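Trainee: The primary structure of each chain is shown beneath.
There are 2 protein chains.
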Amino acid sequence: MKRRAHYTAAIFALSLGCSGPVGPGQPTAATNSAGSSASGSMSKLMKERNLTDADVTAALKTYTPSGKKDEYYIMASGGHGGNLIVIGVPSMRILKYVAVFTQEPWQGYGYGDKGSEEVLAGGMRHGKKMTWGDMHHPALSETKGDYDGQFIFLNDKANPRIAVVNLQDFTTEQIVASDLVESEHGGMFVTPNTEYVVETSQYPAPLGGGYADLKDYNDKYRGAMIFWKFDRAKRRIIEADSFAIELPPYMQDLADAGKLASDGYVFCNSINTERATGGVLEGQPPLESGSSQNDHDYFHVINWRKAEEVAKTKSKIIAGIRVIPLQTAIDEGLLAFVPEPKSPHGVDVTPNGEDIVVGGKLDTHATIFSFAKIKAALDAKKFEAKDVYGVPIIALADAMRGQVELGLGPLHTAFDGDGYAYTSLFIETKVAKWSVRDLKLVEKISTQYNIGHLVAAEGDTVSPDGKYLVAMNKWALDRFLPVGPLLPQNFQLIDLVGEANGGKMQLLYDMPLPLGEPHNAQMIKADKLKPIDVYKPGTDPVTKEKHPNAVEGGKERIERRADGVHVYMTAIRSHFTPDVIRVKEGDRVFLHLTSLEQAHDATHGFTIGSYNLHSSIEPGKHVEMEFVADAAGVFPMYCTEFCSALHLEMAGYFLVEPKNAK
Amino acid sequence: MKRRAHYTAAIFALSLGCSGPVGPGQPTAATNSAGSSASGSMSKLMKERNLTDADVTAALKTYTPSGKKDEYYIMASGGHGGNLIVIGVPSMRILKYVAVFTQEPWQGYGYGDKGSEEVLAGGMRHGKKMTWGDMHHPALSETKGDYDGQFIFLNDKANPRIAVVNLQDFTTEQIVASDLVESEHGGMFVTPNTEYVVETSQYPAPLGGGYADLKDYNDKYRGAMIFWKFDRAKRRIIEADSFAIELPPYMQDLADAGKLASDGYVFCNSINTERATGGVLEGQPPLESGSSQNDHDYFHVINWRKAEEVAKTKSKIIAGIRVIPLQTAIDEGLLAFVPEPKSPHGVDVTPNGEDIVVGGKLDTHATIFSFAKIKAALDAKKFEAKDVYGVPIIALADAMRGQVELGLGPLHTAFDGDGYAYTSLFIETKVAKWSVRDLKLVEKISTQYNIGHLVAAEGDTVSPDGKYLVAMNKWALDRFLPVGPLLPQNFQLIDLVGEANGGKMQLLYDMPLPLGEPHNAQMIKADKLKPIDVYKPGTDPVTKEKHPNAVEGGKERIERRADGVHVYMTAIRSHFTPDVIRVKEGDRVFLHLTSLEQAHDATHGFTIGSYNLHSSIEPGKHVEMEFVADAAGVFPMYCTEFCSALHLEMAGYFLVEPKNAK
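Going down the list, the sequences are from chains A and B. One gets the working numbering by counting positions in the first sequence from 1 and adding 2 to each. One gets the working numbering by counting positions in the second sequence from 1 and adding 2 to each.
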């Protein structure tokens, strides 16, 4: 407190006091008088804009001048917006929304561009095309437990799917879906070398789809954890090499991968071990109370390295994926439980992999499990009981290192590089800083309001950076100018170093989230990413190869073939070639469109009016479109991205002669 | 220049010099030492973050502390993203993306919510549903030529449509489309009391659709200006009261409404009076050169007040709208042309309505037309010629007040309250400030890079505020952390007062646009908007009335009727009632869902897994969904917006029994 008071007085003296007389030993009179007017101007500005000294510090810590780059990227999930949100830290400017599960026209994603249409088609559910997603948890690819900046994986809770985004060009290259489960949530993370991308069900259902009444919930509903095999060289999830483990019909929730000391294991919380099903109009309690009866739920400990082997010989295929049956998982020692405090939410492995922190949202503690203790119990087969499905249960005392009382509603925990943990307190709407070494609370900082996840710089890797933390607040209320009943979320940037605040955490910046509801995020050093500026001429962004139909300048043409009209087209400032396309009503049209641009940011877009088609054509990119000319008439086609002084003239006509025209 | 140098030296002295010894006459020793360490801390911070003195000023002018509100809203078009972007000034934080022409799941817009589905269906083109848009120009509603903060209108260039967004709740309430034209662009503005929302075609086509070959371009292709009648009390465009004027097949471009001195008129630029059609593979020049042959194009002067009368008796119906034929428009004196410099782009009426500024993108001048001169010529019927369609042409000398040489590629002009105009120079990538009174260039400021539109605070009203201007730059290149070949745009906030910069304009902030390509924007005083925080219980956001199917707490039920299964459901933290819905495969399901919440920001979302449905349920909102249970099985339904500590438990099951189940 003393240091803080000093600092405040000091800045105050600086901003106001310096406008007083300047003593001897100072520079020339000219500079003096200028100095006087300048500090006057600064204090005037502070007064005009009602800025405190702490605000000035915060402004200078976050303001990023024209052309200067941010230090970190935040990769945040876009919630039910279905897209990935890329943010610069410390400026907290949003750099890009990347289309992933939801069609998005600016990027030409899912509006007739065949590459993206095929990526989206990879995520069909029960044979149906999904046009939106509820993205919860981003997972950056890792090498030896550290972010390597190559890929990011995203999940969809509503329509269980996993997407692969290549950070070379921030393009979604793959979406996979398994009909094994009907919902998932927080089990989205990678193993330390990105061997697997892990997806865990949330609301149980019959595995592989199909109907079963709720009265058969205990017997026929199940959870599952899916291990999607990632092939880094092929840049793809290999479905045939993936496997799953059947789980009891609890609601599996957040999960994390072991690393270093705990490498080879994954840990997952669960709620509703009561197996409540809801049914308020049928005389049952609602889930919110039905699932909050027990004092403990089950922390899941899974040996994925062993499971990988077991899957090869003892799995059965359900919905196209190898599934290790629950009994096999038990028999093979792949799965054990530990009682964890009532209705937990977050589970986070410490940087050294030795401890696992669980936040109990209806508890006031964070519970710290020791992997060494768990491993010892597993090795000794020391279990206190089995659950109703026969899963062995390790006694809490045989797994827990300790607890730390933090406050109301502890959810998620992030780490710095100095041995501190930061846990979000949803109900108390604060961040609690505590020492992992001695499990002691250090300090708390308020957030505005209702913090969910939080993210620290590289905070879930083996080597966190500290420095910055972002509180991901669920409610914004009075933080920003009003925009009607649907409000943005509020990301708050917190300075962890706090050298201007007596070493305490300092709130630096409030940032509204204008689209989507981020759930979780990761913050990666900016220099780990090496995105490309342009594509090589004729590149298909999904394959990153030259497309077989890529068009060279001078070879543009229109060919009528048996299957339809093929248009080999190029785009370069400021014209499309061809710029007139003549077809007959009912013709199938194949558009092969290559950008001849190689200048950075010389992006074009292409649309045909009222045909509901759109593509974005970055420099060098090749786009394929296929559609039926089902409406006769005259349809302007034009460049949708302002590209040059003659951009408006980058246009032409798509002429569809009626079928019965003379 | 002298004042600027002084100021820089001054801030430098403040930030660095003050860390030197403090002279006599200063406060106590304690404060002295604190002051010394503080200024040391500030200069350390400046050094660490490489901030200049100008940066410090810019930081303090833009940083908006936690919980403090911005002064202005910017309403920016979202380009081919199809949504409206709401930004706070001076913080340049994006407050909201509002779904307009493109489906957007976070807002539950177009994902099964019947209200929004019906709004989108209002914008069908040739009977086809459009699921994206290319939004170019926002137009805030006006009263006496000043923004009134009630509505904003948006246009779609690709699939000609106009949308009405109510600023009470930032909800799109209406979309209208006319099949009269096949493309539009910049003719999106309102008359001074929002009597009409004006939409102008860009690429000519046969009016009302239908086919005509390009060889018949001169005879059968036409442009049109549509005057959509807005009924403020009904909050709707009234299609039956709207009308259009047929125009020659030039490419009509940007337009603006007269005001005060020029009230009753609208002004519109055109390009391609050459009537080039493209056809490079057919031996024609591309549009970019074909349309740049003439030294002049035609500035359109239209008397809309008279046209409104003429439309009542002398129009014919095409594509459902009253159209005044070109010959009638000529005969009735509704339309005249003035030659304007080659390939113009922007047209902007001065605040007093006396002058009209045209930017010629292939010219180095802004051309200033005098409405008084134009009116005198019209009254005297003093024309120098007629165009090939018989439209009378006023001689340039009889219309022009003067020209001001600004630089390369002048496009758009905004105004402040002190008689200055600010014109964007695309090719030179600068903003030029000039005096409207004496047509003299004052100064220029560089932008990064390729500025298109610009927007000043209330800068296109009868009473501009000055203070802030935003350059809307098309290319970002090296401004931000790289995000692959598709880059954000760059909005640059410029201080027009420049008291810290010797009265010159000062660049304050670079802001990436993470989704969409804004074309134009308007900046409105924050206190003019009075958005609501919650809906009254059971409100339909489109009608703003209580929905007839609104559900009260305690009256939830499921009813099987002849037309299907009706579910009367409520949502309140943390449960849906009912939380179990049982139907049979093939049943039509009518979901009537009311939020019982009245707490600000207590928003829920609703989805049924793999059914590709999603709605956002703000407090008090009522949502209707109708769908067929076409997939049998067990589908979790849940709240998609993190609403409370027991949010994950706000879930249930949608059970679809197979048709042939025993």
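Hints should not be assumed to be uniformly reliable.
Claimed, not checked - Quick list of the computed label-pair ranges, beta carbon to beta carbon:
1. A/Glu334 - B/Lys49: 29 to 39 angstroms
2. B/Lys586 - A/Gly404: 50 to 60 angstroms
3. A/Lys70 - B/Gly504: 49 to 59 angstroms
4. B/Val390 - A/Ala633: 55 to 65 angstroms
5. A/Arg562 - B/Gly285: 56 to 66 angstroms
6. B/Ser465 - A/Lys46: 25 to 35 angstroms
7. A/Lys49 - B/Ala382: 55 to 65 angstroms
What the hints assert, rightly or not - To give an idea of the interface, some chain A residues facing chain B are shown, with a C-beta separation under 8 angstroms as derived from the structure:
8. Ala60
9. Leu97
10. Ile273
11. Arg277
12. Glu284
13. Pro487
14. Gly607
15. Ala647
16. Gly654
These are calculated hints, taken from the structure and not from any lab test. The structure presented is a predicted model; accordingly, all values stated were derived computationally and were not measured. The beta carbon of each residue, even a glycine, is placed where N, CA and C say it ideally should be.
Trainee: Could you run down the list of hints and mark each one as holding or not?
Mentor: So, going through the hints one by one against the coordinates:
{"no.": "1", "hint": "A/Glu334 - B/Lys49: 29 to 39 angstroms", "result": "59 angstroms, violated"}
{"no.": "2", "hint": "B/Lys586 - A/Gly404: 50 to 60 angstroms", "result": "53 angstroms, holds"}
{"no.": "3", "hint": "A/Lys70 - B/Gly504: 49 to 59 angstroms", "result": "24 angstroms, violated"}
{"no.": "4", "hint": "B/Val390 - A/Ala633: 55 to 65 angstroms", "result": "31 angstroms, violated"}
{"no.": "5", "hint": "A/Arg562 - B/Gly285: 56 to 66 angstroms", "result": "19 angstroms, violated"}
{"no.": "6", "hint": "B/Ser465 - A/Lys46: 25 to 35 angstroms", "result": "26 angstroms, holds"}
{"no.": "7", "hint": "A/Lys49 - B/Ala382: 55 to 65 angstroms", "result": "58 angstroms, holds"}
{"no.": "8", "hint": "Ala60", "result": "7 angstroms, holds"}
{"no.": "9", "hint": "Leu97", "result": "5 angstroms, holds"}
{"no.": "10", "hint": "Ile273", "result": "7 angstroms, holds"}
{"no.": "11", "hint": "Arg277", "result": "13 angstroms, violated"}
{"no.": "12", "hint": "Glu284", "result": "6 angstroms, holds"}
{"no.": "13", "hint": "Pro487", "result": "4 angstroms, holds"}
{"no.": "14", "hint": "Gly607", "result": "6 angstroms, holds"}
{"no.": "15", "hint": "Ala647", "result": "5 angstroms, holds"}
{"no.": "16", "hint": "Gly654", "result": "5 angstroms, holds"}
This entry does not satisfy hints 1, 3, 4, 5, 11, going by the numbered hints stated previously.
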